[in-house]
Amino acid sequence: MLLDTFYNSILEDSDLTLRHKRQHFFDFMREIHERMQNVARDRWPDLTPVEIVANTIADETDLLCLDEVAVVDVQDASILPRVLEILSLRGVTLVMTSNSRPNELFAGGLNRHVFIPPLLRALEQTCVVVDYRKVSDTPGKWAGSRYYHPASSPSVAAKFDGDFERIEGELFQGPWIFDLPHSTTRTLRGGQYKLANSQLRGVIVDFNSLCGKECGEADFSALADHFKLNNTVLFIRDVPVFGQLDGLGSGRRFGKLVEILYDKSIPVRILASNTAERIFAPISNSQDAIEELIGDEISVAARGAVLEASCCALDRSVSRLFEMTHVSDE
Numbered sequence: 193m194l195l196d197t198f199y200n201s202i203l204e205d206s207d208l209t210l211r212h213k214r215q216h217f218f219d220f221m222r223e224i225h226e227r228m229q230n231v232a233r234d235r236w237p238d239l240t241p242v243e244i245v246a247n248t249i250a251d252e253t254d255l256l257c258l259d260e261v262a263v264v265d266v267q268d269a270s271i272l273p274r275v276l277e278i279l280s281l282r283g284v285t286l287v288m289t290s291n292s293r294p295n296e297l298f299a300g301g302l303n304r305h306v307f308i309p310p311l312l313r314a315l316e317q318t319c320v321v322v323d324y325r326k327v328s329d330t331p332g333k334w335a336g337s338r339y340y341h342p343a344s345s346p347s348v349a350a351k352f353d354g355d356f357e358r359i360e361g362e363l364f365q366g367p368w369i370f371d372l373p374h375s376t377t378r379t380l381r382g383g384q385y386k387l388a389n390s391q392l393r394g395v396i397v398d399f400n401s402l403c404g405k406e407c408g409e410a411d412f413s414a415l416a417d418h419f420k421l422n423n424t425v426l427f428i429r430d431v432p433v434f435g436q437l438d439g440l441g442s443g444r445r446f447g448k449l450v451e452i453l454y455d456k457s458i459p460v461r462i463l464a465s466n467t468a469e470r471i472f473a474p475i476s477n478s479q480d481a482i483e484e485l486i487g488d489e490i491s492v493a494a495r496g497a498v499l500e501a502s503c504c505a506l507d508r509s510v511s512r513l514f515e516m517t518h519v520s521d522e
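Under our numbering, residues 193 to 522 are what the sequence shown spells out, in order.
It should be emphasised that the hints constitute simulated quantities derived from the structure, not laboratory data. Even glycine gets a Cβ: it sits at the ideal position worked out from N, Cα and C. Be aware that a few hints might be false.
Unchecked claim - List of simulated lysine to aspartate or glutamate pairs, EDC-like, C-alpha gap at most 16 Å:
#1 K213 x D259
#2 K213 x E243
#3 K456 x D417
#4 K420 x E469
#5 K213 x E223
#6 K213 x D238
#7 K456 x E409
#8 K420 x D398
#9 K456 x D398
#10 K213 x E260
#11 K351 x D430
#12 K448 x D417
As the list claims (entries may be wrong) - Here are the computed distance ranges between Cβ atoms for each label pair:
#13 D196 x S401: 30 to 38 Å
#14 L239 x E469: 22 to 30 Å
#15 V348 x T240: 35 to 43 Å
#16 D205 x P342: 43 to 51 Å
#17 E296 x D219: 19 to 27 Å
#18 P342 x K405: 19 to 27 Å
#19 R282 x G404: 48 to 56 Å
#20 D238 x E469: 45 to 53 Å
#21 Q267 x R393: 21 to 29 Å
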C-alpha cells in the first residue's frame with residue numbers, strides 16, 4: 193500500500209521524466225537470473241554476468257521500486273549485494289519494502305553466515321532503513337485505531353461494541369453477536385456458513401468461528417467476496433495470543449484471513465487479547481514453532497527458504513493488521 197501510493201504519485205506527476213519501474217522482488221530476481229543466462233560475455237570481458245545485468249538495468253532505469261523484499265534463495269543472497277552496489281553507483285534511486293528487518297533476511301538460509309554480511313553492508317551503504325509501522329508512536333499522527341486490546345478489559349470491549357453500534361444503530365436494535373451471521377447459508381470447504389444479510393453494514397464474528405476450525409483459503413476468499421459485495425464491515429472479536437504449539441494452526445489461518453481481507457480491502461475491526469505484535473510473538477519468536485509449521489519432508493536447502501517465507505508471513509500479518517485498523521488524520 194505504501195509503495196503503491198508513492199509509485200502512483202510518480203505516475204501522476206507529469207513534470208517528472210524519470211524512467212521508472214515497479215516490480216515484486218521475486219519477479220525482479222527472476223528477471224536478473226534470466227538475463228544472466230543470455231549475456232554476451234565477449235562484449236564485456238572484464239565484467240561478471242551479474243555486473244553486466246546490473247549495469248544494463250541501470251542503463252534503463254532511474255527509479256526502481258521493489259515490493260516485498262524477501263531473500264529465500266542462496267543464489268539471490270549471493271548476487272544481490274553486487275546488484276545493489278552497482279545500481280547505487282550508477283545513480284539509480286531504489287525504494288524497497290520488506291516485511292523483514294535487514295538482519296533478519298535469509299533467516300535459516302544455507303551458509304547464511306557467509307552471505308548475510310555482504311548483503312547487510314550493501315544495504316547499509318545504499319539505503320536508509322525505516323520501519324514505517326512504528327510511525328504510530330508519533331503523537332497526533334493517527335486519528336484513531338480500530339484494533340482494540342486487551343479484550344479482557346470491560347472498557348475496551350465496550351468501545352469495540354460501541355463502534356459496532358455506531359455503524360449498525362440505524363438498521364436494527366443491536367448489537368447482535370453470532371457465530372456467523374444469519375440469513376443466507378452457503379456450503380464451503382470448511383463447512384456450512386451463514387452469511388450476512390445484505391442489509392447489514394456490519395457483522396460481529398467470534399474468532400473461533402472463523403479460524404478455530406479447518407477453514408482454507410477458498411473459504412476465507414468466498415466470505416470476503418460476500419462482505420465486499422454487501423459493503424460489510426467485519427468485526428472479529430476475542431482474537432487470542434497464539435501459543436507456540438496449540439496456536440500454530442489457528443495462527444496460520446488467521447494470518448491467511450488477514451492477507452485476504454487486506455487484498456480485498458474489507459474494512460475490519462479487531463478485539464484481541466494483546467497487540468498485533470504480541471499475539472504472534474510466541475510463534476514468531478520460537479524456532480521450534482516455525483519448524484513445526486514447515487514439517488520434516490523437505491531438504492536442508494529448501495528448509496531455509498521456507499523458514500524465511502514463514503517468518504515473513506508472520507511479519508506481514510502484523511503489518512497488514514496495523515494498516516487495516518489505523519486511521520490517519522492526514
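So which hints don't hold here, by number, going up?
-> Result: hints 2, 4, 6, 8, 9, 14, 15, 21 break, sorted rising.
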